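Residue numbers (the working numbering), protein chains in the order written: chain A, 463 to 725; chain B, 9 to 333.
Derived by calculation from the structure, the hints in this document are not laboratory data.
A few of these clues could be false.
Within a straight-line C-alpha distance of at most 30 Å, the following computed DSBU-like cross-link-like pairs (lysine-lysine) qualify [said to hold, decoys possible]:
(1) Lys102(B) to Lys550(A)
(2) Lys719(A) to Lys23(B)
(3) Lys266(B) to Lys282(B)
(4) Lys107(B) to Lys719(A)
(5) Lys115(B) to Lys469(A)
(6) Lys107(B) to Lys550(A)
(7) Lys36(B) to Lys550(A)
(8) Lys469(A) to Lys102(B)
(9) Lys231(B) to Lys718(A)
(10) Lys670(A) to Lys645(A)
(11) Lys719(A) to Lys560(A)
(12) Lys289(B) to Lys718(A)
(13) Lys23(B) to Lys550(A)
(14) Lys289(B) to Lys231(B)
(15) Lys201(B) to Lys107(B)
(16) Lys99(B) to Lys550(A)
(17) Lys261(B) to Lys289(B)
(18) Lys27(B) to Lys719(A)
(19) Lys266(B) to Lys308(B)
(20) Lys36(B) to Lys560(A)
(21) Lys718(A) to Lys282(B)
Model, not experiment: these values are computed from the prediction.
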Amino acid sequence: MAMKSLKKYLTIFQITFVNDLMYTRNFIGQFMFFGLFLFVYSFLWRAVFKDGQIEGFSFVKMMWYFMFTESIMLAKFVFHREMAQDIKTGDIAYHLNKPYSYMLFMYAKYMSSSLVRMFMNLLFGSVILFVTLHEAPITPVNLILGVFSSITGLTINFTFYFLIGMSAFWFEENTAFHFIYSKFLFTVGGLFIPIQFFPDWLKQLSDKLPFMYILNAPAKVYIEGVDEFIRVFPLQLLHVCIWGGLIGMLFIVGTKKLAINGG
Amino acid sequence: MEKVVEVSDLAKSFKTKVKKAGLKESFKSLIHPVYKDVKAVQDISFSVEKGEILAFIGPNGAGKSTTIKMMTGILYPSHGTVNVLGLIPWKSRKKLSYKIGSVFGQKSQMWFHLPPEDSFHLMADIYELDRIDYRNKLTELVRRFQLESFMHQPVRKLSLGQRIRCEIAVSLIHSPEILFLDEPTIGLDVVVKNQIRDLIKDLNQRNQLTVFLTSHDVGDVEKLCRRVIVIDHGKLILHSTVNELKHAYLQTKILSLKLEDVYTPKIQGVTILKQKGTGLKLEVDTTQCSLQQIIDDIIKNTSIVDMMISETPMEEIIETIYNGS
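Using the sequences and the hints, build the whole thing.
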């Protein structure tokens, strides 16, 4: 029974993957964007690191860190708008009368799209950096652990996208929430600058927030390996449980709210 | 007859925010929001028998969709009870979903860029079907709905008629006992509409499939349903068989005549709709003047070359009911 239940989500994962293959041209656009980012930031970081290392980061390490955070950032399948629209128009009803969990349905779709893009980004970014820098501060073990950490990071991000999408149960407009959220990822998420560069108070604050576990933590695992994985992975799982539990509960409340708005 | 749906005193009301136009009013609404109560469905009761096709019709905003959502467990009612196949929908939504199918004409459940077969495969897994059962069912549906020629084409390349055939077929993959059809023929041309109607009728007769149909197309009601329920402003305003409905509202007959000489009737209850030479079109109110009476009067004055008696179109009957409510 549990296998059959799991199978439906695996099929959703698989169908989304096949469906995404229809948009291969989008990948080219994304790669160009990604390549441009790496090119521009290489000048910035070369200037910043011209006198040596900062907090254990060299120029090469910084470029790989940036490639990893951007690979995850650009991979995220943005679904909160579609979800909010489904709630506002009542189309969510067509999901609710099917024998699956809407949350897991969206998760399977999100993960399928995001993982494909993440692996493509990692491959593309790694080739570019390896060709231009001739150095790669990563090992196969780091890579495997980094993938696990990235998947968990993407899962935490999913809970926030779901939360933003679900806000449509209570708010008519939710684009501001996404704007604020993405700015948190840019800053305390460690997209451009590693958290480790921050002053102590901000570093401590970021440790408590979920955002660094989406980008900074997986990127550090790719670079630093087992020790970093042992330190951050349990905290990532903790955030998945906390935020996953919260969206689960709020969704139940939200669907009752749909009952009030519905018709 | 076994009842598969029983709805009793079902009601649904909700609060909606009201706000006048303009910036000042927007700020006012932020501080002191004003809500009004909307009674979407008001104490409706009806039942559906196993194997029947029931039409559930009403103008836009009448409460049809809210009722269906309560019947499928998506919405919680304000009060009243619903029993669908022995289950209370909002308490056993998931369990019920295995027993019912739904097609919403304006909302596709197919994957746009993929061939229909992929959507069938997904639905089979969603409904946890056995691989062999699924294969057998798919073969049957493909044959019955004549889907072979486009099963491997992306859905986006299908015509609307082909897509609707796929939509209905995919909703039957898990062999539901009740099929909820919301506007299944919307936007279709006459030929395809009739094909879809034939398919629905065939499914109903062969498989004893109960169909709960909402439609704005009176042709769907007339050609498919034995019983009709009309709802407006959340209230049930009519509940009868299609034949009774026609009989009750067909007080007028239209008489189209070609006569030998010019004739002008002077009988109460007879209205001239059109007169051109010896051609004449009359509307006869049968409660005031029988058809026999008017034909006798015509024969007394002239001879009939050709004659056609027609009934008020069903569309007009429904319009009369809506306007009357």
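message: Check whether the Cα positions of Lys266(B) and Lys282(B) lie no farther apart than 30 Å.
response: 12 Å, holds
message: Need the status of pair Lys107(B), Lys719(A): alpha-carbon distance at most 30 Å?
response: 26 Å, holds
Pairwise hint evaluation, Lys308(B) against Lys266(B), where the allowed Cα distance is 30 Å at most: The hint holds at about 15 Å.
query: Straight-line Cα separation of Lys261(B) and Lys289(B) no greater than 30 Å?
result: Given pair Lys261(B), Lys289(B) holds - Cα atoms ~11 Å apart, limit 30 Å.
field: Pair hint Lys115(B) and Lys469(A), alpha-carbon separation not exceeding 30 Å
entry: 25 Å, holds
Satisfaction of hint between Lys102(B) and Lys469(A), Cα-Cα up to 30 Å: Answer holds: Lys469(A) to Lys102(B) is near 17 Å, not above 30 Å.
- prompt: Hey, Lys201(B) versus Lys107(B), does the alpha-carbon distance stay inside 30 Å?
  reply: Holds, at roughly 26 Å.
message: Between the alpha carbons of Lys719(A) and Lys23(B), is the straight-line distance 30 Å or under?
response: Holds - the C-alpha atoms of Lys23(B) and Lys719(A) are around 11 Å apart, at most 30 Å.
query: Is Lys99(B) close enough to Lys550(A), meaning Cα to Cα at most 30 Å?
result: The hint holds at about 24 Å.
message: So if I understand the rule, the pair passes when the alpha-carbon distance is 30 Å or less; does Lys719(A) with Lys560(A) pass?
response: 19 Å, holds
message: Run the distance test for Lys102(B) versus Lys550(A): straight-line Cα separation, threshold 30 Å.
response: 23 Å, holds
query: Taken at face value, is the distance from the CA of Lys560(A) to the CA of Lys36(B) at most 30 Å?
result: Judged against 30 Å, a Cα distance of about 41 Å means the pair is violated.
The structure does not agree with the numbered hints 9, 12, 20, 21 stated previously, though it agrees with the rest.
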